[in-house]
Amino acid sequence: MKRVVFILFLLLVPVVAYAQPSISFKTMEYDFGLMSQEDKAEHIFEFSNKGDRQLVIDKLTAS
Amino acid sequence: MMASSDHLEPGEKGKISITVNLAGKRGNVTKRIRVHSNDPLKPITILTVKMLVKDRLHLNKYNAGEIFSKKCRTCHVERGKGKSGFELFRADCGMCHNGRGTAPSIMEMRKKPAKFITEAIREGIDNTSMPGFSVKNNGPLNDQQIESLLRLIKPR
Numbered sequence: 001m002k003r004v005v006f007i008l009f010l011l012l013v014p015v016v017a018y019a020q021p022s023i024s025f026k027t028m029e030y031d032f033g034l035m036s037q038e039d040k041a042e043h044i045f046e047f048s049n050k051g052d053r054q055l056v057i058d059k060l061t062a063s
Numbered sequence: 001m002m003a004s005s006d007h008l009e010p011g012e013k014g015k016i017s018i019t020v021n022l023a024g025k026r027g028n029v030t031k032r033i034r035v036h037s038n039d040p041l042k043p044i045t046i047l048t049v050k051m052l053v054k055d056r057l058h059l060n061k062y063n064a065g066e067i068f069s070k071k072c073r074t075c076h077v078e079r080g081k082g083k084s085g086f087e088l089f090r091a092d093c094g095m096c097h098n099g100r101g102t103a104p105s106i107m108e109m110r111k112k113p114a115k116f117i118t119e120a121i122r123e124g125i126d127n128t129s130m131p132g133f134s135v136k137n138n139g140p141l142n143d144q145q146i147e148s149l150l151r152l153i154k155p156r
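Chain order of the listed sequences is A and B. For the first sequence, this note's numbering gives the first residue as 1, with consecutive numbering after it. For the second sequence, this note's numbering gives the first residue as 1, with consecutive numbering after it.
Hints may be right or wrong, so weigh each one.
Restricting the straight-line Cα-Cα distance to at most 25 Å, the calculated cross-link-like pairs of lysine-lysine (DSS-like) are [to be verified]:
1. 71/B / 136/B
2. 115/B / 59/A
3. 83/B / 31/B
4. 13/B / 31/B
5. 50/B / 61/B
6. 25/B / 50/B
7. 83/B / 25/B
8. 154/B / 115/B
9. 13/B / 59/A
10. 40/A / 136/B
11. 15/B / 50/A
12. 83/B / 112/B
13. 40/A / 61/B
14. 31/B / 42/B
15. 112/B / 50/A
16. 25/B / 40/A
17. 154/B / 40/A
18. 50/B / 26/A
19. 26/A / 13/B
20. 111/B / 154/B
21. 112/B / 154/B
22. 15/B / 42/B
23. 26/A / 25/B
24. 42/B / 59/A
25. 50/B / 31/B
26. 40/A / 31/B
27. 13/B / 50/A
28. 15/B / 26/A
29. 31/B / 59/A
30. 83/B / 61/B
31. 26/A / 136/B
32. 31/B / 15/B
33. 15/B / 59/A
34. 40/A / 15/B
35. 31/B / 54/B
Note that these hints are calculated values from the structure, not bench results.
Same shape as in the complex, but just chain A (with noise of 0.2 Å):
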């Protein structure tokens, strides 16, 4: 009995280890060209969550 939990338990081992989730941008650059200062420069970036778990934004940071 042990010895098939253990190998039913060595099964979901690569389940548990590829259930994760993915970030996957469009694109992940993007050039405005010429700006004025006047200008209000805005973009919008798409992404996916192509894995298979819930993907969670933490945080957006700026440098």
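We have chain A; now place chain B onto it with these hints.
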């Protein structure tokens, strides 16, 4: 910076919107945004936005000589009036020849022969933003002023 939603189910799409405030900015501006997530392979994704910021007066491409025109005079001609040497350089040349812009700095120009420098100030350099500053070329500088700039760039 704003994310449309911070929890995404598998297959779900999201958006991150970036706004850059350009007031007071000039030249090449690059901003990097780090997206921290629970993706074990990509805990941090770096998004980059780039732009070249110009103020309202310099958005269009002008011919070099236009800096002596009516609308540009206040900054490009009036400030250097009656000045010579370093004061004149600061007033008329420094906005481009400051080591940060596209034009060569004093140290770089120093490597050129005196004759070339005088000629460049008088006649300008074709296909660049350097106009001829001599009166003959509708520029604001007389011979003594040009000589004083030469002495500044190439001290004896």
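### Query
What hints, given by number in increasing order, does this structure fail?
2, 3, 7, 10, 15, 17, 23, 30, 31
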